[in-house]
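Q: So the sequences go chain by chain: A and B. Those letters in the first sequence? Residues 1 to 597, by my numbering. Those letters in the second sequence? Residues 1 to 117, by my numbering.
Please note that the accuracy of each hint is not assured.
No more than 25 Å apart at the CA atoms, straight line, and that leaves these computed lysine to any residue pairs for SDA-like [as the list claims (entries may be wrong)]:
{"#": "1", "chain 1": "A", "residue 1": "K87", "chain 2": "B", "residue 2": "G109"}
{"#": "2", "chain 1": "A", "residue 1": "K87", "chain 2": "B", "residue 2": "L25"}
{"#": "3", "chain 1": "A", "residue 1": "K22", "chain 2": "A", "residue 2": "Q413"}
{"#": "4", "chain 1": "B", "residue 1": "K9", "chain 2": "A", "residue 2": "S150"}
{"#": "5", "chain 1": "A", "residue 1": "K571", "chain 2": "A", "residue 2": "D592"}
{"#": "6", "chain 1": "A", "residue 1": "K596", "chain 2": "A", "residue 2": "A563"}
{"#": "7", "chain 1": "B", "residue 1": "K44", "chain 2": "A", "residue 2": "E130"}
Some residues of chain B that are not near chain A, with every Cβ distance over 12 Å (derived) [what the hints assert, rightly or not]:
{"#": "8", "residue": "S26"}
{"#": "9", "residue": "G42"}
{"#": "10", "residue": "R51"}
{"#": "11", "residue": "Q52"}
{"#": "12", "residue": "V61"}
{"#": "13", "residue": "Q96"}
{"#": "14", "residue": "R99"}
{"#": "15", "residue": "E103"}
{"#": "16", "residue": "K107"}
{"#": "17", "residue": "K108"}
None of these hints come from the bench; they were simulated from the model. Glycine included, each C-beta is placed from N, C-alpha and C at the ideal position.
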Amino acid sequence: MKETKYKLTLCDGTACIQNQSKVLHQALEAELDKHGLRQSVSIHLSGCLGICQKGPVLIVNPGYIMYGRVQVEDIPEIVESHLVRNKAVTRLIITEDHLYNRFFRIFGDVDFFGKQMRICLRNCGVIDPENIDDYLSLRGYEALAKALESMTPEEVIAEVKKSGLRGRGGAGFPTGLKWEFTAKQTADDKYVICNADEGDPGAFMDRSAIEGDPHTVLEGMIIAGYAIGAKKGIIYIRAEYPLAIERLEKAIAAAREHGILGANVLGSDFSFDIEIRLGAGAFVCGEETALIHSIEGHRGMPRPRPPYPSVKGLFGKPTLINNVETWASIPVILLDGGKWFSTVGTETSKGTKVFALAGKVHNTGLVEVPMGTTLREIIYDIGGGIPNGKTFKAVQTGGPSGGCLPAKYLDTQIDYESLAKAGSIMGSGGMIVIDEDSCMVGLAKFFIEFTQDESCGKCTPCREGTKRMYEILTRITEGKGQPGDIEKLERLGEMIKRSSLCGLGQSAPNPVLSTIKNFREEYEEHIHSKKCRAGQCAAMLSYTVNVKCVGCGACKRICPVGAVEGTRKEKHLILQDKCIRCGQCYEVCKFDAITKA
Amino acid sequence: MLTPIQTIKKKRAEAVNRIISKGYLSTKRVYVGMATCEIAAGSKDVMDVFRQAIANGLTDVYLSQKGCAGRCNLEPTVEVVEEGKIPVKYGRVTPQRARDIVERHLKKGEIIAEWTI
Ligand SMILES: Cc1cc2nc3c(=O)[nH]c(=O)nc-3n(C[C@H](O)[C@H](O)[C@H](O)COP(=O)(O)O)c2cc1C
Ligand code: SF4
Ligand code: SF4
Ligand code: SF4
Ligand code: FES
Numbered sequence: 001m002k003e004t005k006y007k008l009t010l011c012d013g014t015a016c017i018q019n020q021s022k023v024l025h026q027a028l029e030a031e032l033d034k035h036g037l038r039q040s041v042s043i044h045l046s047g048c049l050g051i052c053q054k055g056p057v058l059i060v061n062p063g064y065i066m067y068g069r070v071q072v073e074d075i076p077e078i079v080e081s082h083l084v085r086n087k088a089v090t091r092l093i094i095t096e097d098h099l100y101n102r103f104f105r106i107f108g109d110v111d112f113f114g115k116q117m118r119i120c121l122r123n124c125g126v127i128d129p130e131n132i133d134d135y136l137s138l139r140g141y142e143a144l145a146k147a148l149e150s151m152t153p154e155e156v157i158a159e160v161k162k163s164g165l166r167g168r169g170g171a172g173f174p175t176g177l178k179w180e181f182t183a184k185q186t187a188d189d190k191y192v193i194c195n196a197d198e199g200d201p202g203a204f205m206d207r208s209a210i211e212g213d214p215h216t217v218l219e220g221m222i223i224a225g226y227a228i229g230a231k232k233g234i235i236y237i238r239a240e241y242p243l244a245i246e247r248l249e250k251a252i253a254a255a256r257e258h259g260i261l262g263a264n265v266l267g268s269d270f271s272f273d274i275e276i277r278l279g280a281g282a283f284v285c286g287e288e289t290a291l292i293h294s295i296e297g298h299r300g301m302p303r304p305r306p307p308y309p310s311v312k313g314l315f316g317k318p319t320l321i322n323n324v325e326t327w328a329s330i331p332v333i334l335l336d337g338g339k340w341f342s343t344v345g346t347e348t349s350k351g352t353k354v355f356a357l358a359g360k361v362h363n364t365g366l367v368e369v370p371m372g373t374t375l376r377e378i379i380y381d382i383g384g385g386i387p388n389g390k391t392f393k394a395v396q397t398g399g400p401s402g403g404c405l406p407a408k409y410l411d412t413q414i415d416y417e418s419l420a421k422a423g424s425i426m427g428s429g430g431m432i433v434i435d436e437d438s439c440m441v442g443l444a445k446f447f448i449e450f451t452q453d454e455s456c457g458k459c460t461p462c463r464e465g466t467k468r469m470y471e472i473l474t475r476i477t478e479g480k481g482q483p484g485d486i487e488k489l490e491r492l493g494e495m496i497k498r499s500s501l502c503g504l505g506q507s508a509p510n511p512v513l514s515t516i517k518n519f520r521e522e523y524e525e526h527i528h529s530k531k532c533r534a535g536q537c538a539a540m541l542s543y544t545v546n547v548k549c550v551g552c553g554a555c556k557r558i559c560p561v562g563a564v565e566g567t568r569k570e571k572h573l574i575l576q577d578k579c580i581r582c583g584q585c586y587e588v589c590k591f592d593a594i595t596k597a
Numbered sequence: 001m002l003t004p005i006q007t008i009k010k011k012r013a014e015a016v017n018r019i020i021s022k023g024y025l026s027t028k029r030v031y032v033g034m035a036t037c038e039i040a041a042g043s044k045d046v047m048d049v050f051r052q053a054i055a056n057g058l059t060d061v062y063l064s065q066k067g068c069a070g071r072c073n074l075e076p077t078v079e080v081v082e083e084g085k086i087p088v089k090y091g092r093v094t095p096q097r098a099r100d101i102v103e104r105h106l107k108k109g110e111i112i113a114e115w116t117i
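Produce the entire structure from the sequences given, and follow the hints as far as they go.
A: Structural data, given as structure tokens:
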């Protein structure tokens, strides 16, 4: 293999494609061929780089030279001058000192990263999170300084409103409006809270964001304190995140040392400090009113709203609660501009969203993409598709509050409204890819088992209803489903959604209802034919020995209940009434001689 | 009295100086993933290999930890960044691989292509 000398990144975002980037791509390939450079130069396609008005954009590495408004006519010059003679084409170079996408310089040439745009995670994996110097050197706390020096609180709020940022904790409430409501309250004390409870099973976006770049969260909170007139910030984080807590503690200490937290922030007359409160890890404590109760030292139970926390929050004072990711976006909005931020995304949803991509995809990990990116792009272009030649079955977003979308929704654009319309939710960012080997009834059961366990018990429909749903699902997966069970689940689900107090109960039936809606036939098969097409519901499986058996006896030795009979070198037999369907014989047989059906 | 913006600019200049004085301008910068997920995948031992190598006389290398870049199933990850070169990103770095990276890449400049992401 010849060494790659140059790596080119061509923007493949919508705007650049409209500006003929595809034509550029062909011209580039032809020109590389002409010079015999195809072996030593690689071309990578990126997602939108956020500078569409300067597109089409081409980045040349090493050096991270960025060319803007590249025309087909420029290609021969770029290749001949830059790639052959190593002389950059000065007249096409654009310089960008944006805050977002810092990571791109290091990681942009890897497809998994190149298709992303990073606002919240811009520094994650790039800087030392335990050294405030690293953050400061990348324009850290400049947004705060700018707000304190050259913006009134109203102007800061106006900028956040202009950005179109909406809460990343799940509900998607417009952040600027929430700030404005809280700012308008007159009170002797106000609070700013960072919600880092992250109770979704499998979610780790907030943990990673804090562990990778804790200062950006602090900076966002301090700016909000200035904007709404609060002196005190609290980060509510689950105790199971020791490293994130340690890094927050270090960051807070360093910020205090630098006069960025405490009295007279950066020499201004604004004072603000932040403390950390640990949560015990109950899912419901992520709900804002329960979270407030928990900080106050009470049991973490939701209460009816209104009054909203912005009016009557912590200790009865106006309180501004935002999610980690929401906070991390604020410095970028102030420095790169609310206007710029609002150019990224869709009509109703601006900026980027972080997802924890998991399940049956090649590349699992943290993915931050512009709103409007399709599920297909995330799963196939970034995630690399489904491994082992299996077929895609569904994608689950929103965790225990969300839904499962089948293949026909793959071209759905990620935004709050589109996902809701398709029958799921944005949620906090869990994204699990499901292939043909997963049973949808089993998946629904998994989530409802979680929520019925996490229900705080205050409302009967949520407490009892989710239990009933869990029982019905359990019996369906055990092959004891009865006609009418599906309808029962639907009725219960609707009732729980309507009559629960908080978001936990209101959304708990979603995983069940959405799988019934999109995979009803799987429920019916379980109930009427006692069949699980994914082969996951153990009770519906049978193991039999087929003709390939050579009589090695391995299955007989491993079977925990003595359900296999047979003499050496002869075909063995599984006694169905003894077999407990543990699958061990299936695993151990080297001859493919046991059929699972 | 400095204004907030003047203050932060001064702080930035000081921060950059401190980073440089710690060897940032060395020929090679090595970043080792140290987040919960990376550590669970064994990155502390990997970090130790690089630390040890420097203690044993490896020069012209700036070693830093970093958070998680998000490539879960390839962790631990290590980047070797060199001015004027394409940053090299290694995945699934074991202590043994780290030792090889020290010997082959950091000392001899050889990029070990099969471990790159
Ligand atoms: C059951 C439940 C759990 C929640 N868990 C979280 C959480 O872990 N993190 C979070 O930011 N928001 C969570 N929320 C949403 C919060 O109530 C609140 O809307 C959010 O923190 C507001 O911040 P945002 O506007 O920045 O999203 C949860 C809501 C419910 C109903
Ligand atoms: S809906 Fe469920 S979790 Fe929410 S308050 Fe009612 S019982 Fe508690
Ligand atoms: S392990 Fe397979 S080949 Fe061996 S006896 Fe059992 S079924 Fe037959
Ligand atoms: S599935 Fe388990 S119990 Fe049944 S025959 Fe095989 S090993 Fe024995
Ligand atoms: S589409 Fe290329 S920069 Fe936006």
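Q: All the hints need checking, so say for each whether the structure fits it.
A: Against the structure, the hints:
With a C-alpha separation of about 24 Å, the suggested pair A/K87 and B/G109 falls inside the 25 Å cut-off, and the hint holds. Of the pairs offered as hints, the one joining A/K87 and B/L25 holds, with about 24 Å between alpha carbons and a cut-off of 25 Å not exceeded. Our distance criterion of 25 Å between C-alpha atoms is met by A/K22 and A/Q413, whose separation comes to about 22 Å. Of the supplied pair hints, the one linking B/K9 and A/S150 holds, its CA atoms being roughly 15 Å apart against a limit of 25 Å.
Our distance criterion of 25 Å between C-alpha atoms is met by A/K571 and A/D592, whose separation comes to about 13 Å. Taking the CA atoms of A/K596 and A/A563, the gap is about 15 Å. The hint holds against a cut of 25 Å. This hinted pair checks out: B/K44 and A/E130 have alpha carbons roughly 15 Å apart, not beyond 25 Å. For B/S26, the requirement that its beta carbon stay farther than 12 Å from each beta carbon of chain A is met, with the minimum near 15 Å.
No beta-carbon of chain A comes within 12 Å of the beta-carbon of B/G42; the shortest separation is about 15 Å. Consistency note on B/R51: stated as away from chain A, and its beta-carbon is indeed over 12 Å from all of that chain's, at 14 Å minimum. No beta-carbon of chain A comes within 12 Å of the beta-carbon of B/Q52; the shortest separation is about 19 Å. The non-interface label for B/V61 is consistent with chain A: the shortest C-beta to C-beta separation is roughly 15 Å, beyond 12 Å.
Every CB of chain A is more than 12 Å from the CB of B/Q96 (nearest about 23 Å), matching its label as outside the interface. For B/R99, the non-interface assignment is confirmed: its Cβ lies about 23 Å from the closest Cβ of chain A, beyond the 12 Å cut-off. Distance check for B/E103 against chain A: the nearest CB is about 19 Å away, which clears 12 Å, and the non-interface claim stands. Non-interface call for B/K107 relative to chain A: holds, since the shortest CB-CB distance, roughly 19 Å, exceeds 12 Å.
Every Cβ of chain A is farther than 12 Å from the Cβ of B/K108; the closest lies at roughly 15 Å, confirming the non-interface assignment.
Of the numbered hints listed earlier, not one is contradicted by the structure.
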